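Chains as they are written, first to last, in my numbering: chain A, 1 to 93; chain B, 94 to 221.
One or more hints might be untrue.
Chain B regions said to be covered by chain A (calculated; three or more residues, Cβ under 8 Å) [unchecked claim]: (1) 107 to 117; (2) 120 to 126; (3) 163 to 169; (4) 173 to 180.
Which stretches of chain A does chain B cover? Using the computed rule of at least three CB atoms under 8 Å from a CB of chain B, they are [as the list claims (entries may be wrong)]: (5) 33 to 45; (6) 61 to 70.
Bear in mind the hints are in silico, worked out from the structure with no lab data behind them.
Everything numeric in this text was worked out from a predicted model, so none of it was measured.
Glycine included, C-beta positions come from ideal geometry on N, C-alpha and C.
Given next are the chains, with one letter for each unit.
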Amino acid sequence: QLFFSYFKDLVGQEVTVELKNDLAIRGTLHSVDQYLNIKLENTRVVDQDKYPHMLSVRNCFIRGSVVRYVQLPPDGVDVDLLHDAARREARGG
Amino acid sequence: MSWAGPEDIYLSTSLASYLDRKILVLLRDGRKLMGTLRSFDQFANAVLEGACERVIVGEQYCDIPLGLYVIRGENVVLIGDLDTEREELPPHMIRVSETEIKRAQKVEREASELRGTMRKRMEFLDFD
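Next up, chain B with everything else stripped away, as it sits in the complex (with noise of 0.2 Å):
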């Protein structure tokens, strides 16, 4: 990201206006942290403060600790602007433990494993 002009201000696509703020990353593999946006750069590698990530499992959550983190750009889909006034997540949600969350993630991964070798098996009998 280059140095704005006076008049590049408003069109700027800077990740200041994030700064100190809470925000939300979505990563490449699907993970979603959160934490308050400290320092970035052209590459949009970022440094979050009070990092979490938000593990969900159906209507399940639960929020992970991870303390300062520094992600690589590359690996960055989303940086989003967290709406402190607005509810985070539907109501209808359950918070759980992190163990719980764990084996719900394990539950999930094993049942589309699974829907992936049999998908696997029928292909192989190739039905006309």
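For reference, chain A alone in the conformation it holds in the complex (with noise of 0.2 Å):
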């Protein structure tokens, strides 16, 4: 759940999802839900050429199972604010 609220706060900024199958795209963090399935909007695949039938999808939806990386802008990220969420939620289990 603390992910899931995370990744609530960050609708709206510039991410990349790195997939397990290597594929990178980079969209709008649009929407996210329990599972981290992510939704993207505005995407465009990081290595287009190599990926040739994602020219046209514009926006997507993303299994949560798949994802490997989310990689995210630098000052994207209160760390502090993260990481007293996650000593406060490893301490009440």
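Put the two chains together into one complex, using the hints given.
In structure tokens:
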């Protein structure tokens, strides 16, 4: 639930989602859910020439189970806030 | 996906916004299916009407019609909304027949298998 709340606060930011199949997609975070499924808008694939089938995809739904990384803007994160929240979550169990 | 409250409508990760639209589904095995989304559920299971598989090998591609498909959600990587006003593929790509693309797939598969076995042979030699 911690990361779900965390991602909810990131809605509207530009992120790059790297999938387990090595596909990387950049876009605006539109929404996220409890499974950390992600909906991106204004998407463009990082290595477009390698993935021609994605050319006309502008919005997409990404299943949470296939995400390897979510790359965030370095100033999009309040690390201390996150750190505190994680400590609280660990203590609370 | 739980039912969205009134304030959650804009935040929802629901696939409802893709209903009755033409979509691209990427599967875990690398296949690309296209069709009209007719139904979905919380596991991202999906019903695709008028589905076809777009096979791409190099600069060649082919759409193989499949009909009505039910996709199990665990195989889904991504569901993309296809913008009908944009070109789906780069203009330099050539559309070929099903037999032609299957032949190209076979060639590509054999080439990567060959690369794989050659690498294994080199690793066995274990050069320092």
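Within 8 Å of chain A's CB atoms, at least three CB atoms from the stretch 120 to 126 of chain B: coverage verdict: holds (count 3)
Given coverage of the stretch 33 to 45 of chain A by chain B, tested with a Cβ cutoff of 8 Å and a minimum of 3 residues: holds (count 6)
Whether chain B covers the stretch 61 to 70 of chain A (at least 3 residues having a Cβ closer than 8 Å to its Cβ atoms): holds (count 5)
Cβ contact check, 8 Å cutoff: the stretch 163 to 169 of chain B against chain A, three residues minimum: With 3 residues closer than 8 Å to chain A, the stretch 163 to 169 of chain B meets the three-residue bar; holds.
Coverage of the stretch 107 to 117 of chain B by chain A (three or more Cβ within 8 Å): holds (count 3)
Outcome, coverage hint (the stretch 173 to 180 of chain B, chain A; C-beta under 8 Å; three residues): With 7 residues closer than 8 Å to chain A, the stretch 173 to 180 of chain B meets the three-residue bar; holds.
Hint check: no violations occur; every hint is consistent with the structure.
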